[in-house]
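> Below are the chains, spelled out letter by letter.
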Amino acid sequence: DAGVIQSPRHEVTEMGQEVTLRCKPISGHNSLFWYRQTMMRGLELLIYFNNNVPIDDSGMPEDRFSAKMPNASFSTLKIQPSEPRDSAVYFCASSFRGRESSYNEQFFGPGTRLTVL
Amino acid sequence: GEDVEQSLFLSVREGDSSVINCTYTDSSSTYLYWYKQEPGAGLQLLTYIFSNMDMKQDQRLTVLLNKKDKHLSLRIADTQTGDSAIYFCAETRNTGGFKTIFGAGTRLFVKA
Chain A
1 DAGVIQSPRH EVTEMGQEVT LRCKPISGHN SLFWYRQTMM RGLELLIYFN
51 NNVPIDDSGM PEDRFSAKMP NASFSTLKIQ PSEPRDSAVY FCASSFRGRE
101 SSYNEQFFGP GTRLTVL
Chain B
118 GEDVEQSLFL SVREGDSSVI NCTYTDSSST YLYWYKQEPG AGLQLLTYIF
168 SNMDMKQDQR LTVLLNKKDK HLSLRIADTQ TGDSAIYFCA ETRNTGGFKT
218 IFGAGTRLFV KA
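Going down the list, the protein sequences come from chains A and B. Here the working numbering is used: position 30 in the first sequence is 30, and no number is missing along the way. Here the working numbering is used: position 82 in the second sequence is 199, and no number is missing along the way.
Because the hints were derived from the structure by calculation, they are not lab data. Wrong hints could be hidden among the right ones.
What the hints assert, rightly or not - Only pairs whose alpha carbons sit at most 30 Å apart, straight line, appear in this in silico DSS-like list of lysine-lysine:
| hint | chain 1 | residue 1 | chain 2 | residue 2 |
| --- | --- | --- | --- | --- |
| 1 | A | K24 | B | K216 |
| 2 | B | K153 | A | K24 |
| 3 | A | K68 | B | K184 |
| 4 | B | K216 | A | K68 |
| 5 | B | K153 | B | K185 |
| 6 | B | K216 | A | K78 |
| 7 | B | K184 | B | K153 |
Said to hold, decoys possible - Some but not every residue of chain A turned toward chain B, in silico, with C-beta under 8 Å:
| hint | residue |
| --- | --- |
| 8 | V53 |
| 9 | D57 |
| 10 | P61 |
What the hints assert, rightly or not - Listed next, the stretches of chain A that the computed footprint assigns to chain B, with coverage defined by at least 3 CB atoms under 8 Å from CB atoms of chain B:
| hint | segment |
| --- | --- |
| 11 | 11-20 |
| 12 | 68-76 |
| 13 | 96-104 |
Just so it is clear, CB atoms sit at the ideal spot from N, CA and C, and this is done for glycine as well.
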């Protein structure tokens, strides 16, 4: 398996533009997570899905952020309109969560480095 | 991270042991993990421990868990320059569902 795939790897955009980040989880995984990492705030969980359904979006900063998972092999995180403070590295991770176990090893993608000018 | 605390930096000399500490607050934690993040990459699981264990050893890595004090540590023996990275402590807690919480990460610097 190729692991978790994220695109683009780097994105530079201007304030006010729409940004869409993409993620392909590992085949067979049933949970998907979006994180944001900055020096100031560390690693923040934005939202996670289980079986394509959003379970916890309490980390989504505000209405400018939205995430979708239309099927088990694809998810998007959209920022509209983008602002300079959204500049960060955005990670997607996936895992397999069995019913009987709480063990949850997450496999991270390489991240998308977003710069909003 | 939410109630998972780690010191931000640690500097050691090559060949010495490194000890990275973590404290957590939720007694419902089931699994605790150490992840490693190398520059420009995502996090990768290094090791984990189940909450009913107090120690786990894996080659140069030793994980100690003190459940009474809610303290987790990662010891890296014979630290090498390739061990320079950010190390994240994480816990899965039973919140009615299961949620994994990450600490802020400890940046390990290894001096040659």
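> All hints, please: hold or fail.
We went through each hint and held it up to the structure:
1. Distance restraint check for K24/A and K216/B: the Cα-Cα separation of roughly 22 Å lies within the 30 Å cut-off, and the hinted pair is therefore satisfied.
2. Of the supplied pair hints, the one linking K153/B and K24/A holds, its CA atoms being roughly 22 Å apart against a limit of 30 Å.
3. With a C-alpha separation of about 38 Å, the suggested pair K68/A and K184/B falls outside the 30 Å cut-off, and the hint is violated.
4. Our distance criterion of 30 Å between C-alpha atoms is met by K216/B and K68/A, whose separation comes to about 20 Å.
5. Restraint check: the Cα-Cα separation between K153/B and K185/B comes to about 26 Å, which is no more than 30 Å; the hinted pair holds.
6. Between K216/B and K78/A the alpha-carbon distance is near 23 Å, which keeps this suggested pair within the 30 Å criterion.
7. Between K184/B and K153/B the CA atoms are separated by roughly 23 Å; this keeps the pair inside 30 Å, and the hint holds.
8. This hint is violated: V53/A has a C-beta 12 Å from the nearest C-beta of chain B, more than the 8 Å allowed.
9. About 13 Å separates the beta-carbon of D57/A from the nearest beta-carbon of chain B, more than 8 Å, and the hint is not met.
10. With its C-beta approaching chain B no nearer than about 15 Å, P61/A sits outside the 8 Å limit, and its interface hint is violated.
11. Only residues whose C-beta sits within less than 8 Å of a C-beta in chain B count toward coverage, and the segment 11-20 of chain A has 0 of them, not enough to reach three; the restraint is violated.
12. Counting residues of the segment 68-76 of chain A whose C-beta lies closer than 8 Å to any C-beta of chain B gives 0; at least three are required, and the coverage claim is violated.
13. Closer than 8 Å: that is the beta-carbon criterion, and the segment 96-104 of chain A has 4 residues meeting it against chain B, so the requirement of 3 holds.
Hint compliance for this structure: hints 3, 8, 9, 10, 11, 12 are not met, and every other hint is.
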